[in-house]
Structures are given as C-alpha cells and as structure tokens.
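Engineer: If you read the sequences in order, they're chains F and C.
Residues in the first sequence are numbered consecutively from 1, following our numbering.
Residues in the second sequence are numbered consecutively from 199, following our numbering.
Everything labelled a hint here was simulated from the structure, so no lab data went into it.
Hints may contain errors.
As the list claims (entries may be wrong) - Looking from chain F toward chain C, a few residues come up when the C-beta cut is under 8 Å (computed):
(1) L85
(2) I91
(3) R108
(4) T136
(5) E139
(6) L140
(7) H141
Idealized CB from N, CA, C, for every residue including glycine.
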Amino acid sequence: MNRGVALLWFTAVGCVLVFARGDSGAYSRALAVARGLGVVSLGSLALALCVTPLARGLLALGRTLPHATRLRRALGLAAAGSGLLHALCAIAQSPPRLAEQLEEPALRWGLGALLVLCALGVTSFSAVLRRLRLSTWKELHRLAYVAFGCGVVHALLMPFAWTLPLLGVSAFVLVFGLLRLLPPRTRATSTRARAADP
Amino acid sequence: MGRQLFVTGLALALWSAAGRPRWLYLLLAYLIALGVVELSQRVKLLPELSARALAMLGVLFALPGLGFAYKARARILEEAGLVGITERVADRVRLARVPAIAPGLLSSAQPQSFFVQAPGAQRVTLELGLELQPLAAASLGHGLFRVDYDPRVHGRPQLLDGELPVQLRVDGTAHERSLRVVAPLVHPRWFCRSPNAARAATPSEETDELIVLGGRSVQRLPTGDGPLDCAFLDDTHVVVSHRHADEVQVLSLEGGAVRTLRLPGPLGRLAFDALHGRIVVARVGVEPALLHVSWPALTLQAVTPLRAAVEWLGFAASERLIVASRRDATLRAYSASANGFVPAGELALSRPATSFTLDRERMRLYVTVTDHRTTPGPQLGNHFVQDQLLVLDSMELRLVQRVLTARRSEQQTKAGNTDQGGSPLGAWPLRDGRLALAFAGTDELWRLPLPEAEPERLHFADVPFYAPHGVVELADGALWISSPAAGALAVVRPGASAAELVPLAPSERELLAQRPLALQRRIGERGFYESTRAGIACQSCHLHADDDGVAYNLGDHRLIPNLSVRGLLGTAPYLRDGSYPRISDLDEVAQERYRGYARVQPGRRACLQAFVESLPRARSSAPRDVAAERRGLDAFVRAGCERCHSFPAFTNLGQLPLGALFPAIAREQSQDSGVGETVDVPSLLSIASSAPYLNDGRAATLSAVLDEHNPDNLHGDTRGLSEAERADLLHFLVSL
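All chains, full assembly: derive it from the sequences and hints.
Structural biologist: As structure tokens, this is what we get:
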C-alpha cells in the first residue's frame, strides 16, 4: 500500500514539474512548482481525511477498505512531505525576506498547517503510537482537520486560488468529517445485522 | 468522544486565560491540554470519569473560552488575516461560475457594457427581466462576449435597488445569475444663470433632466443622456452638453422645440460667448479638443485639439477662453482666431481645480483647489490636503491672492482649524462684491469679502442639506445652493438667516420606508464628501469618485498616483497592493489617521461602502469595431494577458509579487524600503481613462505599458507580438 501511495505521490509531483515547465503563468517556474506541490499536499491531506469515514461507510455496507490505516498514514505522510517541499520551494524564492513575508496572514496560515502536518508526520509511526495511549494519539491526530483548515485558508488567501475546486474539496472533507460523528459500526455488528436480515 | 470534548474544553479555557486572540495560541493550548490529560491519567492524578462526565466537564470548561472568542472575535479575525475573506471568496466564486458576467453592477443612469465568459458558446443573450427584451451579446472570441446595455434604449429594470436576478442564455441553456441594480436619485450640481439673472439652471446627470429655478418656481425639463453642463444662450434658451450622448441640446424654457446638434464626442463641459454667438464644447476622452459651435445657427464651425481634456472652461474678457484640465492640473488661456483658438498662456497648479468661476467683469478667476504650492516640486506631506481659494488675474493668468479656507497642520494627526472651510466645490461672485463659497466637506456656505476678511458663515445644520456643490445668486438677491447628495436645493432669501429647503428627491423618511438601500447610498455619499477633523475627505483626492491625476505620498515618501473609485463592486481586495479586504475598511484610515469626523454617523462604514459600490465605470467611448476587437483579443490571449487579467472581469482578483513581473523595479524598491512589494491585479475595464498605469504610475500610456515598461517581458509576452498585433491589442484595451 505504501508503495502504491509513494508511486502516486511521485507521479503527482512529476506532473507538477511538467506542468510548471510548460506553463507557469505570471509566476516564476519555482513559484509554479511550489504552487503545484501545495495542491498535491492539500489533495493528499483531503484524501487522508476521507479514508476513515470511507472505511466506516464501507463497513456499514458489510465491506472493508483493506489497509485503511496504512493508506491513511501514507497519504498523511505524502501531504506532510509535499507540504514541506512546497514551503522549501517558496522559501527558495526570497530567503532574505522570510521573516518579513511571514507577516502575511496567508503565509502564517500556511506555516501553521505545515507545523501541524510535520508534528503529525513525526508522531505517525508505530514507535510513537506505542508510547502514547491510543486515545491520546487519536486526539493528537484529529489536528489533521486543523491542518486541513489552515491549508484551505492559506490557499484561499493566496493569489490565483482555484476557489471553486478548493471550496468543493473542503465541503467534501467536511461532509466526510461529519460522518465520523456517527457511532462507528464494528465488523461484528455489521455481520450480526447481515445474519439477522432474512 | 467524551475525552475529546474534555481536551477541547480545557484548551479553550487555557486560551481564554492566556487572553491572546491568536489561533496559534489556541493550538498551543490544545497541545498543553492534551499533555495535561495524558499525564494526569498516567499518574492517576484524576479519578476515572465516565465519558459523559468528561463531556460535561469539557462543555463547562469551554464556556469561558467561547465567551472570550465571542468578545474578541473582531481581533481574532484581524490577527488571523481573515477580515473580509467572505467578500473575497464570494467575489472569486462569482467570477469562477461559468458562464460568468462582469461587472456586477447595473446602473439605470448610464449605458454600460457587460462581459460574459462562456467558453465554447456560439450565442449568448442577457435577460434582465420579463419586462425587458433580451440583449444579444457580441462574440469577441476565446469564449468572451460583450453585451452593450443602454437604459434609455433597452429600458430600465423595475427593481430600483438590490440584487436583480438575470438570465444568461448560452446556446439556449439558461443560467441564473444576478446583478446589483442601482437607480440613482436626482443630483443637481453646478448652476448656470440667465443674462437677466432671473433664472438659473442645473443639470442632473443621473436622472437626465435640467432643473430650472427662478423666483419661487422650480421646473424640471427632460434632456438627453447624462446632462453634464449647461449655459444660458439668452433669457429663455439653455444649451446642454451630455456625457453619455454625443450631442448638445438647446432647450426652450417657454415650451419651444428642442434643437439637437450631434458632435464628435465624448463631450464635457461647455461655455457660451454671448458677444460673438459662440458655444464652445469640450471634447474629452483620448482625443481632447474644443468644439466651436455657432449660435443661433447651431453648426459645428471648428475643432481645436488640446493636450489635455478640459475639466472647466469659461470666457474671460477680450474673447479669451480659460480652460482648466484635471490630468495635468493646468490653467490655459486661449485667444480667438479665425480657425478656432490659439494658446495664449498657461499656469500650472499643484492640484486640479475643484471649481472654477469668473467674476461679472470676467477679469478675475476664482479657482478652488485642494492644495497649491508656490515652490516647485511635489508635495511630500502624507495625503496632504490644504483646501484653498485661488484668485487669479484672468488676463495674465497670474495668481493674485490665496485664501486658505481650512487651516490644517502639516501632519494630519495634529490638530488644525479644520471644522470649517472643507472641500469648497462651488463659488459665485455676489452683487455686493463678496464671493459665495459652498463647502461640501463642512456643509456650509460662506460669503467671503475679498481681499480676505472674516466671512459670513451659514451652516445647514437645521435642514437635511449636505455636501453642497453649486451656488448662484439671482436678481431678487436669493442665493440658491445645490446638494447632489441630498437631492435638493436650498435657497437663502435676502434678509433670511436660515436656508429654506427645496427637495427634488424623496426625503430621508420616505426613503427609509420605501428605498432603504437608496438612503444608505445617500448617507454614504454624504460621508464621501465629509471632511475629517484633519481636513481631508475622500473627495479631496477622488474628485467626485474619479481620480484627480495627482501622485500622493501614501507613506514611505513614495509618490503614488491615485485611482478612480468607480467600478469597485466585486473586485475585493482593494488598493494597488490589495491591502484592504473591504471598501469599508478604508474608513479606519479616516478614523485613526485623520482624527475621525466631528459628526457622529451610525453605520458610516456600511453606507460609504454602499455608495462607492454603486458607482459604475464609464463605458468606453471608442467606436465599436468587433472585427478589430477580435483581433485585439487574439493578441491579448497570445501575450498571455488573460492569465492574470482573466475574463470576464479582466482580473483574477489576485495579487502578485512585484518581482514576478518587474524584477528590476522590485529590487530597487526592496533596497529603498526593505519590503518586497505585492501588487494587486487591477481590472482592465475602462482602462483608457485611468492613466497613468502600473503600480506606481510610471507608464503614461497603454503603449508604454506594453513597450518600454515591460523590459523583462514578464508582464505579458508583448515582445512576441508583431506591430500589427500590438496595435490591435491597444485597440482592444481602449475598447474595454
């Protein structure tokens, strides 16, 4: 599964590089690459946030999403990785003015998203999971929603935001997130329900 | 879920205890809360609680945090940079919903062009309502269409104010969209007076009428589209020029036929020389000129080209014509010749004239300005405004006297004597030798003895009459004053100590009941003209919402040319660097930097925003040539202009680092100020009338934008265009 996500991620990053080479608009190439990596990061995070609700939904239908946990982690790591690359590309544009540019609210939101994503990335390995209680780990990793929110605001405040797709993806993630509020149905209850069904 | 609520509640409580309205602190508080709960459970500090108990505790903890968030919501949004994000996103969504239409404002007072983006469409029509015929759009290529709308030809929507549902029919499929409709009220401005001084007249551009007054009667006569200026030809005939129709009309005040003469427009103000039976009409736009029309034959005799468009004009003694231009803030004198007029002298002012009047002998010229410096060089005071009256010798164009009407300090944060004499916009020489001055900024009328002495002041405090513009004295000694914002005239009869109101539009009470949005705009218009306690008003620089052609120091001692505030609806954020998310936020400049207003006005910000958003852009006066426009649009797309100046608003509402377009300029500015500048992508609609161009006004013409001011070819690939394509592109830009 991780290999599949890695392949997908490298493909997406490759597409970004090819896109930026062909058409960078008014931006410099490096900024266009940064922008594309940001899209990959936010997209990966959106997909990661949809994994659990999707798995639960499938479970309710009596099916399972194989390797859901690993898939979620891989997508989350892809989001953090491309977010980090996105930030490095942006910083490479104007390193001397970094501190001053952080006065920009859009960049502060982006930095907030990146910090949270990196923190979640670092704590997403089994070794950390074993040290933290599962409940604490879950509460910590619900900050992924905060990271996504920060990322969306960051993108909305930036020039050339693809506003409609961004709002569409946000609504999608929100709906999936709300589905998580429903009580989870375990495989056992789902099986019982099937058995009871004439 | 119980533990999650407990952690969240605890985080909110910690956040409120810290009292820092930043999201980052809330995040930090969440991590601390998580650590505290984890630790307390590990060392068994807290008793084991059920999920329900934890949830209830969490809700209890959350209450102070939620209270803090509610109280500090404005600061939280500001700290987070989220002020105005809903407007910004809404504007972007509006333009991103294809088929999209721009601009989003429909004024029933003037002709307008709308642009529709409908990629791949063959035929587009705009339906403004059941009562109006559908408007067919002209295809310009690349999925862009243009719809020309003229309310006098196509009719006005029944809705007077508010959001009008419209339908864009694209290849037979209807798409629901909306336009904000504005039906302005009557706006009387400056007067002209009959030779026998028994009557005066003032045009109302917004309602296409001429208001004629005399004695105790007020008559309202219909005119052509957008009457702009008038002059009495004799005691019963008035000639009127029009902004939106290339014609002058001669109206008979005794019910005779209307005579019309079509002229090469667009037209501006006019003046009449009774001695030689000569009407002079200013042609404005890209080819400014003086048009000589004979009277009573009413034929065009000659055309005198000018360097700059005329803002004011009048005949002085000895057949000399004095004109004032806004763009270069210059007074010019012309002498009559066989083929028109020849230059006979000029005087450069620091700022353009805001009003212009000759005395009865036509020897003295009274000009009001927002500043005048006798020393050369630009004024570097931040947003500096010093309202004053200049008295000039009209024969020699020599400054005779300066009268500072509002005495302000050099720094706007310091106190000055600025509660009077703000924004003089109208002057009239009185029979007793004094000069009547109307002050839009401070709602007052002065009768000023000259040479300067203490004026007699009349405040319009007791009548709902504000931001007066024009003033005129009639033979019976009555002084008439106009207020476009109030939609009214006021008259001060001889011997009276107070003004008597002559309403032309519904009262505030009636508007509140019937058209609250119109009332909001009216209050906003008043606020636009009202002087702050530092002596500066919106009007001081944005003359009647247009730019005054002056470069101001807006900070950092860099001179930046100001901008028109028309056509701003749906283009958030604002200013050249996009630093203001909402129009209403500009009020904070007045409140914090200019010591606020003497008068308390509830809802001032919202009203100001409503007024500014109701101002439409001027439609291009370039002749329509769809074939040339299509070629120009091809060049526009080939140069990549549409990546930022996207259809249909010709802006993507984004901002760019200056260095991405002009690296050398960005490096230079960065060395000066240490700050990397961001520039807003402006709309190109009505761009022909918004020179100078680029972020600091360094390009005087559109041609210069494409050529010498694009050295790195990053501001569009203009180097890749042939000469013919460049000409087509320029034609297209002028047609927007």
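Engineer: Given L85 (chain F) as an interface hint, is the shortest Cβ-Cβ distance to chain C below 8 Å?
Structural biologist: For L85 (chain F), the interface hint is violated, since the closest Cβ of chain C sits about 20 Å away, which is over 8 Å.
Engineer: Does E139 (chain F) pass the interface check with chain C, least Cβ-Cβ distance below 8 Å?
Structural biologist: 6 Å, holds
Engineer: Tell me if T136 (chain F) is really an interface residue toward chain C, meaning its C-beta lies closer than 8 Å to one of theirs.
Structural biologist: 5 Å, holds
Engineer: Given L140 (chain F) as an interface hint, is its Cβ closer than 8 Å to any Cβ of chain C?
Structural biologist: 6 Å, holds
Engineer: Restraint: I91 (chain F) near chain C, CB-CB cut 8 Å. Satisfied or not?
Structural biologist: 13 Å, violated
Engineer: Report holds or violated for the interface hint on R108 (chain F), using the least CB-CB distance to chain C and a cut-off of 8 Å.
Structural biologist: Result: holds, 7 Å to nearest chain C Cβ.
Engineer: Holds or violated: the hint that H141 (chain F) contacts chain C, with Cβ atoms closer than 8 Å.
Structural biologist: 11 Å, violated
The earlier numbered hints that this structure contradicts are 1, 2 and 7.
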